[in-house]
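Student: Work the whole structure out from these sequences, hints included.
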Amino acid sequence: MNCLIFGYGYMGKIRYQALAKHPGVKKIWVVDPHLETPPPELSGVLLPAGTPVPWEQVDTVFVCTPNDVTAQLCIEGIRRCGRVFCEKPPGRNWEEFSQIAQAAEAAPGHTLVFGFNHRLHPSIQAAKALLQENRLGEVLYVKGTYGKSGGLRYRESWRTKAEIAGGGILLDQGLHMLDLFHLFLGPLKVEDAILTDAFWNCGVEDNAFVLLKSQKGIPAFLHSSATLWRHTFHLEIGCRDGYLIASGLLSKTGSYGREQLVIGKRQFEDEAMALGNPREEIIHFDRDESWEREVQEFLSAVQEKRRPTHGLLEEARSVMQVIRDVYALRGPSVARREL
Amino acid sequence: MRTVQTETRFPLSSVKPLEALTRYRAHCLSETQKALGAGSSRRSASPITGAPLQPFGKVGSFEYLICPDTGSLFMAELPPSETWAKLLRQIHQHRHSPGVFHSELAVSRADRVYQPKVEWIQETLALQGIHRPALLEAGMPPSDLERLLTRSGTFSRVECVDEMALAHEGLSRQSSFEGDFQVAVLLESLDRSDDPVRLLEKTQRCLSRGGLLFATALVASGFDLQVLGVENRYLYPPDRTNCLTIQGLQRLLERFKFDLLEVSTPGVLDVEIVQAHLAQEPSLPLSRFERSLILSDEPTRQAFQSFLQGKGLSSYARVVARKP
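Sequences listed follow chains A and B, in order. FYI, the numbering for the first sequence is 1 to 339, going by the numbering used here. FYI, the numbering for the second sequence is 1001 to 1324, going by the numbering used here.
Calculated from the structure, these hints are not laboratory results. These figures come from a predicted structure and were not determined experimentally. Ideal placement from N, C-alpha and C gives every residue a C-beta, glycine not left out. It cannot be assumed that every hint is accurate.
[As the list claims (entries may be wrong)] Estimated spans, in silico, between C-beta atoms of each pair:
| no. | chain 1 | residue 1 | chain 2 | residue 2 | range |
| --- | --- | --- | --- | --- | --- |
| 1 | A | 277 | B | 1001 | 26 to 32 Å |
| 2 | B | 1260 | A | 158 | 41 to 47 Å |
| 3 | B | 1131 | A | 312 | 21 to 27 Å |
| 4 | B | 1019 | A | 132 | 53 to 59 Å |
| 5 | A | 109 | B | 1001 | 48 to 54 Å |
| 6 | B | 1052 | A | 151 | 29 to 35 Å |
| 7 | B | 1150 | A | 157 | 42 to 48 Å |
| 8 | B | 1094 | A | 254 | 46 to 52 Å |
| 9 | A | 132 | B | 1027 | 43 to 49 Å |
Tutor: Below, the structure is given as structure tokens:
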């Protein structure tokens, strides 16, 4: 299988490494006009500037670019190849997402997957498995905090430029947490939201507080932040008979802490010595195969000509609808952006 | 791979109080002595790595040796397998007789020792997406765990077989279970087997491909065993004929190509065990730091116990491994 990667930034490198290890991949091309000094691993891989893309030989396309060209390249990949793996977000806004969706609908037999790798993190997979077994009873609420500190050069990053990124931290990281909310609760409706840009002052939100409700009426609350000085990933699922807390992420830098899942059982005074201090088990995980599994699943779906198991257009639509509605509700007070 | 910590707390007195254990232990030592009277052979090589075993110390009159590669402990002399099997059955019966703490604390032990193990197995099966598996427990029938496992309704079949009969074909008319089970449980069986390698090999054969092994053991790498050494009264034959370290346990499983899914030491009693020993024997040769830690306030001791759990340094170990 021959693979083409658009963009060799943070995500492009991760995808390149996963593809280079994959036994079914014969050839990789990388297109990145902004790469000033090509790294040695791209020798014979990087297409020189101005060289046309050999579309007739391309079996799969990976779009790993900044958001302003994501939709355009994704649509081109769908039209010319039909098998596209696109990093999140699926477009800068609802209009761009809709254009991608239209292109996909016009390409029968296409395979289109979006990079929602958090679903494949071990703590999330474990939480999903436990809930599927109904070991903690019905879900009562879901609450998620996902945030980073930004860092010294955050203000200069394309992620904080409304015209390139399309939105702030909600569209960047918050989107992953919203995807997880959908995984556990199904489609969600926005009840209320607060967006602020109080610290970075970039014209896009640096904090998003979003209150949601599932079709069954289960509430969910998201705090997505670019001012969490301690990097945080924390997803709490409250159930009738206990709770699950997924926290930490096995990331390259380890800055989100050790990935773990806390399994707590509801215990009242009749079962526990101290009320409000129930029995907990903490599972620690030391292996994140989410990137490899995501690529593996996409390539397998292409080879087997079947529907992929996750990262589907419908899942992307659910998340982008929520983001569209939040920005429609609160956007103008924070950022100037086209919706 | 995953590791597990638990916030569950219970006192030593609710599961294996030191005073009552001391009486039971005396019986075990005396019966083991009798069994060895029928003749014995000496272990010279580590069952795990094959390295020559080195002297470690004496537990009562029984010599224990140490594996230089893993730090695992092994009783030096063992009687013939038939004699050992008879001894284990006799001790198992004794545990269920009146006046022995196992039977006096049966309800408490069911809640605190066995039920959490059932939940551990159930949760792991849920995480692995395994439904209604057939389960084999290699232990000493009748088993306290078997009853709870059956009652849980999680398994399509639960069978407890004599671990000695399983390891040594010919000791009884043990049926062949080759590949019949999706789950196998060794609840401290590796600790008391006269041939833990063979027991593991035979247990593995009973598992189908992808089947899960759940094993628990008291490990010599744990805090109370490291601090107390041969003075630790929880170290005695035949129940602790072998006392592997967590590294020894892992190497043993890897030798049989098991994939390790979980290696945890979720013990809650290490600190209290040392404390109980110190209360009975104030002249125990502990360092000043160990002594001040053991005599510190409850929150400090609890925090230290949590640290031991999180860092794989408690003496209660549990492992989940998948047959390739």
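Student: If a hint holds in the structure, say so; if it doesn't, say that too.
Tutor: Status of the hints after comparison with the structure:
Under the hint 26 to 32 Å, the C-beta atoms of residue 277/A and residue 1001/B, about 29 Å apart, fit the expected range. At about 42 Å, the beta-carbon gap between residue 1260/B and residue 158/A stays in the expected band of 41 to 47 Å. Between residue 1131/B and residue 312/A the C-beta distance comes to about 26 Å, which sits within the given range of 21 to 27 Å. Range check, residue 1019/B to residue 132/A: Cβ separation about 46 Å, and the 53 to 59 Å hint is violated.
About 40 Å separates the C-beta atoms of residue 109/A and residue 1001/B, a value inconsistent with the hinted range of 48 to 54 Å. Between residue 1052/B and residue 151/A the Cβ separation comes to about 56 Å, which falls outside the hinted range of 29 to 35 Å. Restraint check, residue 1150/B to residue 157/A: a C-beta distance of roughly 59 Å breaks the suggested window 42 to 48 Å. Checked against the hint of 46 to 52 Å, the pair residue 1094/B and residue 254/A passes, with Cβ atoms roughly 51 Å apart.
Between residue 132/A and residue 1027/B the Cβ separation comes to about 48 Å, which falls inside the hinted range of 43 to 49 Å.
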